[in-house]
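Participant: The chain contents come next:
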Amino acid sequence: MKRTAEKAGTEDLIVLLGTPNADSTELYAITMTEGDPAWAGALAGVALGLPVYHVTENEVKSQVDPDIYDEEIGIAEMVLEIDEIRESAKSVRDRVAAATT
Amino acid sequence: MDLRGKKVIALGERDGIQGEAIGKVAKSAGAEVVLEVTHCFV
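Chains A and B, in that order, give the protein sequences.
Start counting the first sequence at 1; every next residue gets the next number (my numbering).
Start counting the second sequence at 1; every next residue gets the next number (my numbering).
Read the hints as simulated data drawn from the structure, not as lab findings.
Do not rely on the hints blindly, as some may be mistaken.
Think about it this way: if two alpha-carbon atoms lie no more than 20 angstroms apart in a straight line, the pair counts; the simulated DMTMM-like pairs of lysine to aspartate or glutamate are [stated by the list, open to error]: (1) Lys24(B) to Asp65(A); (2) Lys27(B) to Asp12(A); (3) Lys2(A) to Glu32(B); (4) Lys6(B) to Glu11(A); (5) Lys6(B) to Glu77(A); (6) Lys7(B) to Glu57(A); (7) Lys24(B) to Glu59(A); (8) Lys27(B) to Glu77(A); (9) Lys6(B) to Asp83(A); (10) Lys7(B) to Glu11(A); (11) Lys7(B) to Asp12(A); (12) Lys24(B) to Glu71(A); (13) Lys24(B) to Glu6(A); (14) Lys27(B) to Asp70(A); (15) Lys6(B) to Glu81(A); (16) Lys61(A) to Glu36(B); (17) Lys6(B) to Glu84(A); (18) Lys7(B) to Glu77(A).
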């Protein structure tokens, strides 16, 4: 991921998550913005600062083809704790935005 | 946030939504998928 970010550049780069719960969503989101909180692996201390959304968030869902969304994501959306996941992703974005302004 | 024209890293998880599925929906919104992975923590 670090190599991808370096290669693609971070300007128009965003991360879409398919994590199964709020905790993993928060962990991934923090890792892709502030660096690995466990200080392990390639992203330890590397703040990529990428915008991170869960693929089920309305900001994403509203822009994609609804048929493809239903086919690819629909069933998972029914069984995952979507509200908690969405809130978790948003809370990390809000925290990062507050820290950078 | 506008997905059209954006580069997307699709980070899926086996117990949630797979990277390939995220990639397909991102492409349907006009985004370019630059990395597509599905993690498994079993």
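Participant: Now look at each hint and say whether the structure bears it out.
Facilitator: Checked hints:
In summary, the hint linking Lys24(B) to Asp65(A) is supported, as the alpha carbons are separated by about 9 angstroms, within the 20 angstroms threshold. With a C-alpha separation of about 15 angstroms, the suggested pair Lys27(B) and Asp12(A) falls inside the 20 angstroms cut-off, and the hint holds. A C-alpha spacing of about 17 angstroms is found between Lys2(A) and Glu32(B), which places the hinted pair at or below 20 angstroms, so the restraint holds. Between Lys6(B) and Glu11(A) the CA atoms are separated by roughly 9 angstroms; this keeps the pair inside 20 angstroms, and the hint holds.
A distance of roughly 24 angstroms separates the Cα atoms of Lys6(B) and Glu77(A); the hinted pair therefore is violated under the 20 angstroms criterion. Between Lys7(B) and Glu57(A) the alpha-carbon distance is near 18 angstroms, which keeps this suggested pair within the 20 angstroms criterion. Straight-line distance between C-alpha atoms of Lys24(B) and Glu59(A) comes to about 16 angstroms, which keeps the hinted pair within the 20 angstroms bound. With a C-alpha separation of about 19 angstroms, the suggested pairing of Lys27(B) with Glu77(A) holds against the 20 angstroms cut-off.
Distance hint between Lys6(B) and Asp83(A) is unfulfilled; the C-alpha atoms sit about 25 angstroms from each other, more than 20 angstroms. Between Lys7(B) and Glu11(A), the direct Cα distance comes to roughly 9 angstroms. Compliance with the 20 angstroms bound is thereby established for this hinted pair. Straight-line distance between C-alpha atoms of Lys7(B) and Asp12(A) comes to about 6 angstroms, which keeps the hinted pair within the 20 angstroms bound. Between Lys24(B) and Glu71(A) the CA atoms are separated by roughly 10 angstroms; this keeps the pair inside 20 angstroms, and the hint holds.
For the suggested pair Lys24(B) and Glu6(A), the alpha carbons sit about 23 angstroms apart, so the restraint of at most 20 angstroms is broken. About 15 angstroms separates the Cα atoms of Lys27(B) and Asp70(A), which keeps this hinted pair within 20 angstroms; it holds. A hinted pair counts as satisfied when its Cα atoms are at most 20 angstroms apart, and Lys6(B) with Glu81(A) does not qualify at roughly 27 angstroms. With a C-alpha separation of about 18 angstroms, the suggested pairing of Lys61(A) with Glu36(B) holds against the 20 angstroms cut-off.
For the proposed pair Lys6(B) and Glu84(A), the alpha carbon gap of about 26 angstroms is over 20 angstroms, so the pair is violated. A threshold of 20 angstroms between alpha carbons decides the hint, and for Lys7(B) with Glu77(A) the separation of about 24 angstroms lies outside it, so the pair is violated.
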